[in-house]
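Line order of the protein sequences matches chains A and B.
-16 is the number of the first residue of the first sequence in this note's numbering; add one for each residue after it.
274 is the number of the first residue of the second sequence in this note's numbering; add one for each residue after it.
FYI, nobody ran anything at the bench for these hints, they're computed from the structure.
Since the structure is predicted, the reported quantities are computational estimates derived from the model, not experimental observations.
Among the hints, a few may not be true.
As the list claims (entries may be wrong) - Here are the simulated PhoX-like cross-link-like pairs (lysine-lysine), alpha carbons at most 20 angstroms apart as the crow flies: (1) K602(B) / K(-2)(A); (2) K464(B) / K486(B); (3) K486(B) / K426(B); (4) K632(B) / K(-8)(A); (5) K426(B) / K334(B); (6) K39(A) / K656(B); (7) K656(B) / K562(B); (8) K464(B) / K505(B); (9) K(-2)(A) / K505(B); (10) K562(B) / K426(B); (11) K604(B) / K656(B); (12) K(-2)(A) / K656(B); (13) K604(B) / K594(B).
Unchecked claim - Covered stretches of chain A, as calculated for chain B (at least 3 residues, CB under 8 angstroms): (14) 10 to 22; (15) 236 to 248.
Glycine is no exception: its CB is placed at the ideal position from the N, C-alpha and C atoms.
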Amino acid sequence: MSNLQELQKTINYDKTFDCVQCGYCLPACPTYETMEKETHSPRGRINLVKMVAEGKASVEDLRDPIEKCLGCMACTTVCPTDVQYGQILEGAKEVIEDHEVKSGAQKRMEDFLFGSFFPSKGWMNTLGNMTWFYQKSGLQSFANLTSVTKMAPLHLGYFEQIIPKQPSPRKRAKRTKRYLPKRKASAKVAFFTGCVMDSVFFETNQNTIDLMVRSGLEIVIPEQQTCCGALHAHAGKVQNSVELAKRNIRAFEEEEIDYIVNNAGGCGARLIEYHHLFEEGTLWRERAERFVSRVKDISQILVDVEGLHFTKPVDKTITYQPSCHMSNVQGVKTPPLELLKKVPGLELKELERPDFCCGSAGIYNIINYEESMEILDVKMKDVCSVQPERVVTTNPGCLLQMKLGIEREGQSEQMDAVHLVDLLLEAGPQV
Amino acid sequence: MEQWKEALQKHIQEERILTSLADRYSYSFDASFGEHLPEVVVQPSNRDEVVGVLKVSNEYKVPVYPRGQGTCLSGGPLPVHGGIVLDMSQWPESIDLRVDDLTVTVSPSVLTARINEEAMKHGLMYAPDPSSAHVATIGGNLAENSGGPRGLKYGVTKDFVLGLEVVTPEGEVIRTGGQTIKNVTGFDLTKLLVGSEGTLGVITEATLKLVPKPPAVQTLMVTFDDVHTAGKAISKTLTSGILPSKLEFMDQACIQAVENFNPIGLPTHAAAIVIVELDGHPEALKVEKEIVQEIMQSIGATDVVVPGNQEEADQIWHARKQVSPAIAKIKPTKVSEDATVPRSKIPDMMARLEDIKQKYNVEVVCFGHAGDGNLHPNILCDKRDQEEMKRAEQAVEELFQAAIDLGGTLSGEHGIGTMKAPFMENELGATGVNMMRRIKDAWDPNGIMNPGKIFAEKGQKLVLRDE
Ligand SMILES: Cc1cc2nc3c(=O)[nH]c(=O)nc-3n(C[C@H](O)[C@H](O)[C@H](O)COP(=O)(O)OP(=O)(O)OC[C@H]3O[C@@H](n4cnc5c(N)ncnc54)[C@H](O)[C@@H]3O)c2cc1C
Ligand code: SF4
Ligand code: SF4
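Excised from the complex, chain A in its bound form (with noise of 0.2 angstroms):
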């Protein structure tokens, strides 16, 4: 194969004549509303795929419009041709990454951060613990703290204020890997617990879990998982991501289970899309699906088994900001809606545009900071033209960025945010 026909196999572009230019898709995106150029739009950026691989663009000219989408698949929903932008957006990220020409330092940090860090059990455990020490501290700056913040330009100081208190490192030690019910189990469900997710947010997942024993599910907690590689494909790392795809599938064959249960928008998204890594007919390919037919959103279950009902009133006015893939990639969008609906004293206040983007995705806004707290002032200032006393989320991104929304807004004496699963375990949950 010559060098242009691979890179049209790797890039996509066969996918790209799928696209009409209807530009149906312009008035979803975000970027498009807040960068102000078609460069930024998805019919752009699916144009410039189109133009590297037909040689007539280079790479590096199509970087910055790919490193500035923000994967939330709003201009999916909308396609009438049903273009496959999250493949072509894969693609795209992979070219771009082979063509990189990186320093020494920033490879080793990415290789730390990519094969080390983020996959590792151990290394989440002491991102939390080392979160909690300084907590506990008051270190100068979490942002010393970890190898993750010397990739400069980062702004960590701003999310510093905004992490959850943590368990001490005892508590965390104590989870054990089976819980199970008070009466007969209804089904067995095997937690996916996230990398971040398990570090930062260790007592939301927590608060999962009970609330699924609590439903009468049995719980088990496979040893062997790790992190879904979201970032990792984001990243343009594809071998990588595949690799920890394998490692996930494995790990949750070991033994019987009915659902394979996550609380984050983003892994989710990513876990039911596991088979596309994979060539039909293949084993791998076979092991996928069957692993994807399992994944479920916790808010999925959580309806599905209608066990819970909730006791506590929770007097507050309330918004809900969808995790954009949860909705758009996982089309999981009424069961929040219908927990929420349940919880007594809530007042459920919709957004104006609840689908567009809060600019967190994965770590856009640690990479792309500047855009992505544009995006997130439009999302802003809806949330406070309804002025919620709590925003919900269902992702550990979206709920860290709407803290910070709500920080940067001096809100934080009349509104805060809390994952969906904190507040439905406030609520009193019983059978």
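The hints should help you fit chain B with the ligands onto chain A, whose structure is shown.
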């Protein structure tokens, strides 16, 4: 740097002048065919900036192409000779409603559906409803004189324009028309500018007419087992004293495509379906519904569906909206035409389409606004297959000729642009085109304003292939 590029910087902020290759490629296309790289893209946000840009273009004789959201289906905003793309879409939105006058003044970048949304809040309606209304700008609609299904009863964009503010190719600002519903002062430059496809100037503001929002609507879906009967039923309805707000048509291929795409239980055996929408007072609608039903049955409809509630009605209209995406599944490249014929000639046009389909061995399907004879024959092909595209080009040519032969026109709403320019003489004759050209030359002596559109260059042909 070339002088004209430097000159531009005096008139517009630097970050609003885009020169990177990625940015230029992003403004090199529209929703039709062809790709032409501009030298710069300029994003004005007020009238003075447009004046500045046009003065520079005129002085240095650099072509300039206005562009809305690039949803044009005939190549209107393509920078065919390089030069400057004037991206009007980032101009700040302004919608100034004067409820008591039933008028609204808007900035050129406003998305058309937004105008209707605002009007609805006051019990009013902006009637023109192209299916691209929530994507396309009003500037683009005015330049293309866009229409939609409601055109049957209410008319197209030009019927709703009262006045315009336009920057001429020489960089002067003029106002045409005014704020009143009646206005017969002098030549009607407003109507001349509407539909001029950006070849006479840049629209920077428009005052539009609103109408009262009809209190109720009623949908009917009628099935026919041959196209001829459908055609007769359409004529009979229109001469019965009832004017539906919409009268839409889908042929069998479209029905089947929609059912394959997203099944909702359309009659796949039918040769055609006609969807009727009546609007007006609820009491009047009851009577009109009966009459339409009777007409359809007496002419030989095989079935008339009257939806029991709004949800069912929405489903029927949803099916109609799904036609475009659904037929794109037959083959990826869609050459969407809008040849329009006198209403009585719809069956003849359908017969001609069938011949064309056989002769050139291409997929042709047809749907559209039957109430005003505005059909959308679509040729489905694959851009990657050069040989098939050649046949598609020939089929399109013949299709245009068929429309003209039947007393129709090249375009009911998509405009001429680059795609239909070679056929203008067939419809208007050499003198007809020449009179238009003279007007163009008088307005734009240096020929800088959106060149290559409407008027064919010597030997220009329809091209759907990458050459
Ligand atoms: C899926 C789809 C459905 C469509 N449905 C319809 C339909 O139902 N009815 C219909 O009529 N059309 C339809 N169209 C065609 C298209 O949407 C219209 O022609 C629309 O008016 C174009 O608006 P735009 O903002 O995208 O303008 P562009 O495509 O960017 O430009 C269109 C033309 O307007 C000129 N122009 C733009 N702004 C200005 C300005 N401010 N001053 C002067 N000239 C200007 C350009 O030079 C160009 O010639 C459809 C298109 C698509 C893709
Ligand atoms: S909506 Fe789909 S087909 Fe239309 S321009 Fe966007 S990606 Fe392309
Ligand atoms: S994924 Fe989101 S940001 Fe990226 S092009 Fe689509 S809508 Fe825009």
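Q: Check each numbered hint from earlier against the structure, then list the numbers of those it violates in ascending order.
A: 2, 4, 5, 7, 8, 9, 15
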